[in-house]
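Undergrad: If you want the building blocks of each chain, they are given just below.
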Amino acid sequence: MSEERVETTAAAVVLALALAFASASPAAGAQALCEKSQIRLVNSMREIAQPYHANLSKGGRMFARWAGLEGQYVLQLNQGDSDKQIALMRSILATNPKCTVFNVEPNADVVVKPMVDTANQTGAWIVTHWAHNRGMHPFDGYDHWIAHVAVNSEEVGIAVSEQLVAAMGGKGGLVALQGRLDTDPAQKRFAGLKSVVARHPGITLLAQQPANWDRTVAFPTIQAWLAKYGDRIKGIWAANDDMALGALEALRAAGLAGRIPIVGVDGIPEAIAAIARGEMTATVSSDAFYQGSIGLAMGVCVLTGQVPPPQTWAKQQREYYLRTTVITKENASRYATEPTVEGYVDEWRCDKLWSRASGPAY
Amino acid sequence: MALRQAVESRFRAGILSMVRRTSGPLLALFALTIGFAVAESQFATLANLRNILDSSAVPLVLSIGMTFVIRQGSIDLSIEGLMAACSLVFALVVANDRMQFDLGWLGLPIAAALGAVFGLANGLIVTRLRVPSFMATLGIGSTCLGIAMLLSGDQPPLIRDPALRHWGLGQSFGVPNLALAAAACLAAGFFVEQFTRLGRYSYVVGGAESVARLSGLNVDLYKVGVFAFAGLMTGMAAAMESARLGIGHVEIGAGQMLGAITAVVIGGTSLSGGSGSVLGSAIAVLALAVLADGMVFVGATPYMEKAIQGGIVLVAAIVAGWQVHDRLRVVK
Amino acid sequence: MSVAALRVEGLCKRFGDTYALRGVTLEVRPREVVGLVGENGAGKSTLLKLLAGVTRPDGGTMMVRGSAVRWRKVRDAADAGIGIMFQESSLVPDITVAENVLLAHEGSAVRLGIYRWHELFARAKALLVKLGMTISPGADAHTLSFSERQLVEFAKALAVETRTCDAPILLLDEPTSALDERGVATVLQTIEELRTHASVVLVSHRLEEVRRVCDRIYVMKDGSCVGERDARTCTVEALQRLMIGHETGTDFPREAVRSQLAETVCLEVRQLSRRDKYVDVSLALRHGEVLGIAGATGSGCEELCRTLFGIVPPDSGTMLLDGRTVALRGPSDAVAQGIGYVPADRPREGIIGAMSVTENMTLAHLAQFCGRWGIDRRREREVAERWIERLRIVTPCATTRASDLSGGNQQKVALAKWLVGKPPRVLILDHPLRALDVVARRDILKTIRELACDGAGIVVVADALDELLAVSDTLIVMRDGRISARYSIAQDRPTRQTILEKMI
Amino acid sequence: MSPVGPINQQPDSDEHIAIGDRRHGLGTGLVSGMAPVAVLVTLALAISAFAPSFLSAYSLRVLAEESSVILLLAIGQTIVIIVGGIDLSMAALASLASVIIALLLPELGAGAVLGALCIATLIGALQGFVHVQAKIPSFIVTLAGLGMWSGIALSIANTTVPVAEHFEAVGWLDAQTWGVPHAFAFGMLTLGLFQIALVRLRLGRYLYAIGMAERVALLSGIRVWRIKTFAFAASGFCSGLAGLAMVARTSSGSPTIADSLLLPSIAAVLVGGTAITGGHGNLARTLLGVCIVAVMRVGVAVSGIAPAYEPIAYGALVVIAVAMTVDRRSIGIVK
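Residue numbers (the working numbering), protein chains in the order written: chain A, 1 to 362; chain B, 363 to 694; chain C, 695 to 1198; chain D, 1199 to 1533.
If you are wondering where the hints come from, they were derived from the structure by calculation, not from laboratory data.
All values derive from a computational prediction rather than experimental measurement.
Just so it is clear, CB atoms sit at the ideal spot from N, CA and C, and this is done for glycine as well.
Among the hints, a few may not be true.
Claimed, not checked - Take a look, some chain D residues computed to stay more than 12 Å from chain A by CB distance:
1. Ala1236
2. Phe1252
3. Phe1327
4. Ile1350
5. Leu1387
6. Ile1394
7. Leu1396
8. Arg1400
9. Trp1423
10. Ala1511
What the hints assert, rightly or not - Per the computed footprint, the stretches of chain D lying under chain A, defined by three or more beta-carbons under 8 Å from a beta-carbon of chain A, are:
11. 1259 to 1272
12. 1436 to 1449
Isolated chain A, as found in the complex (with noise of 0.2 Å):
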C-alpha cells in the first residue's frame, strides 16, 4: 500500500476507537467497592536501580501523593527474580487483598499468568504492562484483571531503527545490544531492527549481543566491538536507554561520543539530554511516569465506584496498546525536564483512563 493509504486508514481506525470509547464512556455513580482509606497502591517492578524502573517507580508515588494515598503506596522489587515477583504479591495479599490495587512491570511474561490467577482468586485488582503469554486476555473471564496496558514493541523498534538508519544516512554497518532475551520487548525490538534492515539493503548488521538491560555489561562490549570493526560501525542499536548510555561512555573513552548515532528505548531524563547535547539520535518514550502510574489510577476509579466494574468495559478498553512517542533533537526540550503532576492530572481522571489508547493489542 502507498503511502497515503496507509494514512487514511490509520485515521479511520482512531476515529473508530475514539467513537467506540466515547460510547461506552462509563456512567458515572456505580457503587463504591471499598472506603478510600481501605485502598492500597502496589508497584511491582524489577528494581530501582536502573533509570527506567526508577520513573515507573516515581510516577506510581506521585499519583498516589495526587491522590491522597501516600501512606498506602508500597514499591515491591523483585531484583530480577520472577518467582520472588509473584512471591512478594502473594505475601501482601495476606491482609485485606479486596482493596489492593497492583500496576504490575512483569520481569519475564511468564511473570503475568500467576500474578493474574493469584489477583482472580484473592479479589485483588491488577493491570499489567509490556507484554504476556499469548492466548490469554483480561476478557476472558478475568474479572480481578482490569487491563492490560500493551507497548507494541515491535513498532517501537520499527520506529526507532528508522531514525538509525536515517542518521545513519542509510547505509554502513551498525551493531546491536539486545535485552535480556526472556522478555517480550527485548525479542520483539530486535525483530523491528531486523525488519528494517531487511528494508534497507545499504544497512549491514556487523553484530548483536545480550547486554541484560545494564550499561556496565554494554560498555566492554562495545569497546571490543569498536577494535573489531572500527570505523565500519556507523551506528549502535541498543534495546533501552541505559545500554545506550553505556555505549555512548564507550565511545566518549574513544573519543567518538557524538560521532555515531546511538537509539535506545525507554525515554529516561538522562538519555533525552543527550539526545538535546546530540550525543544521542533518539530514544522511544513509553512515558514510564505514565505507565507507573495509570494502572494505579485505573484501580482506584474501579474500587470508588467511579468506573463500572472492568467485566462491564468494551474489549479494547482491557487490552489495548499504549501511544508511545519517538523523541528526537527536535523535541527533546519538551521532554526534557522531569514532569510534573500537572503534566499527567488531566490523563489520570476516570474518564480519560484511555486517553494514550493507540488501538486494540488482541
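Here the structure of chain A is known, so what remains is to put chains B, C and D in place on it, guided by the hints.
TA: Frame of chain A; chains B, C and D shown alone:
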C-alpha cells in the same frame, strides 16, 4: 661488598622465583593472545590492546586485595556488595545530580577508606567472633548490598564532575587513565607485599599459622590488616568503575568476584595459603581479560565465560592440592 | 661461683590428673652446655617448653641471671635471650632465609613496618656466618636442602641473641633425631662453636652425642630429676642405669608368663619398608600373643602401626592375615579384616568427645547393630552396658558424653570400640598408657592381658620399658627404622639395661 | 605452584604447642538451642502488630507456599553442613534443573523430571567426590560449581523456557488440598524422610561422626569419601527438587530463577542453630530456620519496610547465627 651481593642475591633469587612462579599465567597470557590474534585479524591491534588494558584495570585492583586474603588461607566473598556501597558513596560525595556535594578528587580516598572500614568489619568478625571467612564475608557483602540499595533510592546518582569523568574515560600518553591507576595500585600492592610487615607476615600466617603464633606474632592483627587492605582495594576499584560509567550503580560489582578469585588462583596463589604474589595475579587478570575480549570478538555469548572461570578455579585447585596428599589431612 | 645463667627450683606441671613434672631443680651456668636425658615421657620436652615460655608452670620458680622471672608468652622468654629450637620444622617455605631466621626479632631492620632488606640480610648473614653457614640470606626457604634447613633452624633459635646484650640461652629439643651422620656432625660442631658465646640445654636420645658435647648431664625419669653427672667422668651405661634404675614404686604384677602359645600365626609381615620411615621389618604375631614394640621417637614404630592398620601404604613388603596375603587400601579394609587400632593421640583420633559412650563404642562395627528399621538402639545399649561392666569403665551411664570421662576410661572406650563386634583378629595399641595415671595404667594392662587370653593377637607399641615388660610375651626393639633386637620374655628374660642399649 | 614440601608440614598434634584456646562464645548449647524459637516468636508477633491478619489461615498458607523452595534447598544444605562442608552451588544447580525440566517436558513428560533429578544428584555427587579425593575445601569446589552450572544453564537456554505441554507432570506441585500447598507438603515429606535417615540409619550416624571428628571416623573404618559423596549427592537431589518446585510455580524454567535463594537457604540452616563447623544440628532446627526466613521475607513485604533492608537483615542474621553456634573447641585455627 658482601652487603651489595646480599641485596642483589635477594632480588636475583626473589625475581627468579617470582618469574618461575608466574610462568604459569604468563604462558596462559601469551597462548590466549596469539590464539585470538590468529583467529581474528583485528584482535592484535593497538586499539584493542588499549581496550584490554582498560577492561582489566578494575579486576586487577580487585585481585591485589584478593591475593593477600587467599594467601592468608581465607576468602573474600563480599566484593560485589562492597563495590556497590562504595560506588554509591563515591557518586554521592563528588559532583552529582542528587546531592550538593562536590568533593572532586577527595571522593577517591573516601571510597577507598569506606572499603577499608567494611574490610575491617570482615576481619574483626573472622578473628573476634571466630566465624569462618567465607561466612563472614558473605554476611558483610549482603549487608553492604542493602546499604547500596538504600543509598541508591529511586534515582541512581549520575556523576557530573568533568575531571573525574575524564579520569575514568580519558587517556594520557596513549594509555587509559584507569590502567595507569591500576598500575599504581599494583605498585603499591607489590610494595606492601615485598617491603612491609603486613605483606611478609601474610606469608607466615598463611603458610604456617601455628609457627606464627608460637613466634609471638599478633596473628589476629595481621589478619584484620589484610582484610582491611583488601577492602581498601575494593573501594578503589568501585570508585574507578563509577568514574568510568559516570553513575553510582548497585550492580557495578556484578560478576567481578568469581573473576578475581579465578585470576588469583591462576596467578600462583595456592588456595591453602602461604604462597603466590600480586604480580602473578596481575598477569592472570590480563590473561582473563584477553579471554573475555576474544570471546566478544568471536561472538560467543558472555554466559560461557562464567562457566569457563568456574572450571579454571576447580582445575587450578585440583592441581595445587595434588602435591599434598596426606590421607589423614582433614579438609572441611 | 658466677651467677647461674638459668636456674629453676621445684618446677612442676600438671596435665589433667597426671604430673608431667614433679619439682625439677637444675641450673645452667654461662657458656656451658648442659645435657638433659631420660626415657620418653620423662618430661624433658615439657621442661623445655616451660623454660621457653610456651606453657606456664603450675609451681616452682625460674631465675634468669639471678633474677626471678615468670614468662607469660614466648616473646617474654625471647626478650630475656632464651631461644628454643623444636623438633618439627618451623620454617615458612615462601619467605627468605633471613626473614625466617629473624622472624619476630627484626628489630631495627624493620622500621615503621617497612623492611630495610640490606640491614636484614646483614644481620642474618652475621648469624649464619657465626654458625659457619654459607647459605645466602636471600634464598627462599623452600629451595634449601634438608640439612641446610636444620642449620637455619639453629640460626633462628640463636636470633634471640639480638634481643639482649647478655649471652643467649639456647634450648635444643632433639636437634639430631632426623639427621644423617654428616648432619649430626655439623650440629655437634655448631654446638661446640656456640659454647664460646651462649649457654645451651641439649635434649637428646643419643647418649653418645650428649656425652661428647655436654659439660654436665641431668637425668630425668617420670617427671623428676634423678641425678646429675659430669659428662667427662660418667659412662653411657651409668646414664642408662640412672634413666631406668631404681624402681619408682609402680612395679606391675606380672602373672605367670605363659611359656607355650597357640601355634597359629594370625598376623605376619615380611620385609616391610617405607622410605625414610622403616626398613626391612619382618614379624609374626600368633593368636593370644602380646607382641611389644619398643622404640624411641623417630625409630619408625609409630609409622609401622599406621601401616599395619592400612593408613599409610608401605613402599614394599607383604602382609599376611591368617596366612592369606592382604593389601590394605585404607582403615576400612583393616576393620573389615578384623584389625583394631587404638591411636596414640586419643582426643583427636581415638574417640569423639561430643558423642555418647555407647555411640563411640559401636561406631566401628555399627552394621551389627542395625535391624530392618535402621540402628537398633536397644541392642546397642545392651552391648555397650555389657562391655562397660566387662572393662570396668567408670561412667554415670551409657549415654554420658565421652569427653566427660577420665583419661583412663576414655582409653577403655577407645579399646571397647574394637571388641563390641565379633572378636577382633588383631589389636594394635599405639602408646596405650600415654598420659594416664598409675591406677589407670595398671587397669589397662590387666585388660590387655585378659583380651590376649581371649585369643586376639595384640601389638603394643610403647617407649616406656616397664609397661612393655609387664605385658608382652615377645618384644621387638626398633632403632632408626630397623629392628635392632628380638626377645622372647619367657626364654631370654631381657633386662631393661640390654633393651635400652638396643633402643638408643 | 609452590611445592608444599614436608617442611611445611603442620605439626600434627598441637599438644606440645599450647595455643591459647580463647574460650568465649556468645551462646552455650542451651541458649543457641532455644534462640531460634525465641526469634521466630518475636518476629511473628512484631509483624502481626504491623498487619493484624498476618497470622490468618490465608497468610500462613502463603507463608508455607513461599518457603517450600527455600525449605527444599535448606534440607540439602543442612546435610552438607552437618558433615562439615558447605554447598554454594545449590541455587545455580536448582536453576539448571529448572531449565532442563522445562526443555525436556514437552518430549519426555514425567521422564524429564526424573532425568533432571538424576542429573542434579550426579552433579552433587561429583562435587562431593572431587572435594574429598582432591582434598579441596568444599566452598572452593562449590564456588567453582556455582560459576559452571549457572554458566551452562545460561548458555543452554539464555531465555526463560515456558512449559508448553505435559505441565500436569509438574503442575500438581502448585495446587493445594485442604488448604495445604502441595509444594510445602512435599518439602515436609522430604524433610521427614531425611530426618529419619539422620536419626535411624547407619548413614546418619556416620554423617554426624564425620562432622564432629573426621579423623576419628576415618580411623574407625568408616568410608569417609563415600559418606561425604552421598551428602553432596543428597544436596544435588534437593537442588533438583527445588528446581522442580520452581517450574511448578512459574510454569517455566529460567537460568537465573533460583539465584536469589542461595543466601536465604544458608541463613535458614544457620539461624536454625546448625553449627557451621559440622556435627551439630538437625533438620528440625532447619525447619525453624526456614520459618524465620519466610516470616522475614513476608514480613518485609507486608510491613512495607523498604526492600533494601532484606539483604541487610540476612547479612546480620547469618553472621550472628554462626557466631553463636560455632563450636569453638573444635576449631583451633579460623581461616
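Undergrad: All the hints need checking, so say for each whether the structure fits it.
TA: Do the hints match the structure? See the list:
With 12 Å as the threshold on Cβ separation, the claim that Ala1236/D sits away from chain A holds: the shortest Cβ distance comes to roughly 23 Å. Distance to chain A contradicts Phe1252/D as a non-interface residue, since its nearest Cβ pair spans about 6 Å, not more than 12 Å. No beta-carbon of chain A comes within 12 Å of the beta-carbon of Phe1327/D; the shortest separation is about 31 Å. For Ile1350/D, the shortest C-beta to C-beta distance to chain A comes to about 16 Å, beyond the 12 Å cut-off, and the non-interface label holds.
Remark: the non-interface label on Leu1387/D is consistent with the geometry, its nearest Cβ contact in chain A lying 21 Å away (cut-off 12 Å). Under the 12 Å C-beta cut-off, the non-interface status given to Ile1394/D relative to chain A holds; the minimum distance is some 30 Å. A cut-off of 12 Å between C-beta atoms confirms that Leu1396/D is not in contact with chain A; the least separation is 29 Å. The non-interface label for Arg1400/D is consistent with chain A: the shortest C-beta to C-beta separation is roughly 38 Å, beyond 12 Å.
Every CB of chain A lies more than 12 Å from the CB of Trp1423/D, the least distance being 36 Å, so the non-interface label holds. Listed as outside the interface, Ala1511/D is consistent with that label: its C-beta sits roughly 15 Å from the nearest C-beta of chain A, beyond the 12 Å cut-off. For a cut-off of 8 Å, the count of residues in the region 1259 to 1272 of chain D with a CB near a CB of chain A stands at 5, and the three-residue condition holds. Only residues whose C-beta sits within less than 8 Å of a C-beta in chain A count toward coverage, and the region 1436 to 1449 of chain D has 4 of them, enough to reach three; the restraint holds.
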